[in-house]
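Asker: Residue-level listing of the chains:
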Amino acid sequence: MKKLLPFLASLLVLVLSSFIMLRPVADAGYQVGDKAADFKLKNVDGKLVSLADNKAAKGYIVVFTCNTCPYAKAYEQRIIDLNTKYAPQGFPVVAINPNDPATVPGDSFAEMQKRAREKKYAFPYLQDETQQVAHQYGATRTPHLYVLTRQGADFVVSYIGAIDDNSEDAKLVKTKYLENAMTELVAGKTASVSSTKAIGCTIKWKKS
Amino acid sequence: MNKLKFIALLAGLLLTATAHAQQVQVIKLPELQKRLSRPTDTTYVVNFWATWCGPCVKELPHFDKLTTTYKNQKVKVLLVSMDYASQLDKKVMPFVAKNALKSEVMLLNETDPNLYLAKIDPKWTGSLPFTLLLNNARHKRQTFEQEFTAEELQKQLQAFMK
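Line by line, the protein sequences are chains A and B.
So the first sequence is residues 1 to 208, counted in the UniProt record's numbering.
So the second sequence is residues 1 to 162, counted in the UniProt record's numbering.
Treat the hints as calculated values from the structure; they're not laboratory data.
We put the beta carbon where it would ideally sit given N, CA and C, even for glycine.
Keep in mind that a hint or two might mislead.
[Claimed, not checked] List time: in silico SDA-like cross-link candidates among lysine to any residue, alpha-carbon distance up to 20 Å:
1) A:LYS189 to A:ASN166
2) B:LYS28 to A:ASP154
3) A:LYS73 to B:THR111
4) B:LYS91 to A:LYS35
5) A:LYS35 to A:GLN131
6) A:LYS174 to B:LYS91
[Unchecked claim] Restraint ranges, calculated between C-beta atoms of paired labels, are given here:
7) B:ARG38 to A:ASP38: 44 to 54 Å
8) B:GLN154 to A:ASP169: 32 to 42 Å
9) A:ASP169 to B:SER37: 27 to 37 Å
10) B:ASN136 to A:SER208: 45 to 55 Å
11) A:VAL186 to B:GLN154: 48 to 58 Å
12) B:ALA150 to A:SER108: 28 to 38 Å
13) A:SER108 to B:GLU151: 44 to 54 Å
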C-alpha cells in the first residue's frame with residue numbers, strides 16, 4: 001500500500017496534466033443545451049458590449065468571424081443579411097473576432113473598425129482580445145456560429161454550426177441550416193437540426 | 001541520329017514525368033472514402049489543405065517531404081485540397097506546379113461540409129489544416145486538427161508507425 005500511494009498520486013498528476021493539455025481541443029466548449037456565460041468585449045465603437053445589455057433581445061446569433069479568412073469573407077454579406085432579417089425578430093447578430101492580431105495583422109482592432117465602417121455593420125463587431133470567449137464557447141474556426149436563446153435569466157446555446165450548405169455561392173444554396181433552425185427558435189421551439197458542421201479557417205490562437 | 005532519338009526520348013520522358021507530378025485529380029466524397037478504406041498495410045498521411053489557408057500552405061512542404069523521406073517504406077502521402085473546384089486552374093494547379101509537389105494531390109469537389117466532414121472523420125470540426133494518419137490493416141487511425149512543424153509531424157508519424 002505504501003508503494004501504491006505514490007504511484008497512484010503520480011498517475012493522478014499524469015491524468016490531470018493530460019486533461020489540462022487537452023483543454024483547448026475541439027470537443028471542449030459548449031454543446032447545444034449549455035448555458036452560455038456572458039462576456040464583456042470591446043466593440044469597434046470603443047464601447048464594451050455584453051449579452052445582458054440588450055434587454056429586448058430574445059436571443060443572439062453569435063458569430064466568431066474575422067476580416068481575413070476567405071470563408072468569413074464569403075459569408076460576410078450573409079451575416080449582414082441575417083442581422084437584417086433576425087434583429088427585428090429579437091435575435092440580433094453579435095460578431096466576435098477571436099484572431100490574434102500579432103499573427104494576423106489584418107485582424108487588428110483598427111482593421112476591424114475599418115471593415116465594420118466600410119460594410120456598414122449594423123451589429124457589434126467585438127474583439128476577443130484574450131481569446132477567452134472563443135475558448136469558452138469552443139469555437140475552432142471562422143466563421144463559427146452559436147445561436148443563444150434567452151431562457152429566464154440565462155442564455156442557452158440552441159444551435160451551433162454552419163449558415164448553409166454552399167460557402168462559395170449563396171445563389172446555389174440548397175439547405176439554409178441556420179435559417180431553418182431560426183424559424184423554429186423564433187417560434188419558441190427547439191431546433192430539429194441543432195448542430196451542423198462547416199469548413200473554416202482555424203482561429204489564430206496566441207502563441208503560448 | 002541515335003543520339004538525337006535518345007535525347008528526344010529523354011525529353012519526352014521528362015515532360016511526361018513533370019506533367020504527371022503536376023496532376024490534380026478532382027474527386028467526389030465516395031472516391032475519397034473508397035481510397036481511404038483500402039485494407040492495406042500502408043500508412044496513409046492525409047493532409048486536408050487549401051491554397052487560401054495560411055497555416056496549410058506553411059506546413060504543406062513538411063508533408064510533401066515525407067513522400068521522399070519514406071520512399072522505401074509503406075507510407076503514402078495524400079494532399080487533399082479543399083479549394084473550390086472552380087479554383088482548380090486558377091489557384092490549385094499553379095500552386096502545385098510552383099511548389100513542385102511530389103505527393104499525390106487531389107481536390108475534393110463537394111459543397112456541403114455538414115454532409116461530408118463527419119464521413120471523412122467524425123472528430124473533424126471543420127477547420128483547416130486537418131490531418132489524418134491511417135493504417136487500415138492495423139486498424140489504426142489518428143486525427144490532428146492543428147498545424148504541424150516538420151519535427152512534430154515526423155514525431156507523430158514515427159509514433160504512429162511503431
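Asker: Now tell me if each hint is right for this structure.
Answerer: Hints, one by one, checked against the model:
1. At most 20 Å may separate the alpha-carbon atoms for a hinted pair to count; A:LYS189 and A:ASN166 exceed this at roughly 26 Å.
2. Among the hinted pairs, B:LYS28 with A:ASP154 is inconsistent with the structure: their alpha-carbon atoms are about 43 Å apart, more than 20 Å.
3. Our distance criterion of 20 Å between C-alpha atoms is met by A:LYS73 and B:THR111, whose separation comes to about 17 Å.
4. Using a Cα cut-off of 20 Å, the hinted pair B:LYS91 and A:LYS35 is violated, with the two alpha carbons roughly 43 Å apart.
5. Distance hint between A:LYS35 and A:GLN131 is fulfilled; the C-alpha atoms sit about 19 Å from each other, no more than 20 Å.
6. In summary, the hint linking A:LYS174 to B:LYS91 is not supported, as the alpha carbons are separated by about 26 Å, beyond the 20 Å threshold.
7. As the Cβ distance of B:ARG38 to A:ASP38 is approximately 50 Å, the hint placing it in 44 to 54 Å holds.
8. Range check, B:GLN154 to A:ASP169: Cβ separation about 40 Å, and the 32 to 42 Å hint holds.
9. The beta-carbon spacing between A:ASP169 and B:SER37, approximately 31 Å, falls within the hinted interval of 27 to 37 Å.
10. Checked against the hint of 45 to 55 Å, the C-beta distance between B:ASN136 and A:SER208 comes to roughly 35 Å, which is inconsistent with it.
11. A C-beta distance of roughly 51 Å is found between A:VAL186 and B:GLN154, which places it inside the suggested range of 48 to 58 Å.
12. The beta-carbon spacing between B:ALA150 and A:SER108, approximately 30 Å, falls within the hinted interval of 28 to 38 Å.
13. Between A:SER108 and B:GLU151, the C-beta spacing of about 31 Å breaks the proposed range 44 to 54 Å.
Violated hints, in rising order: 1, 2, 4, 6, 10, 13; the structure is consistent with all others.
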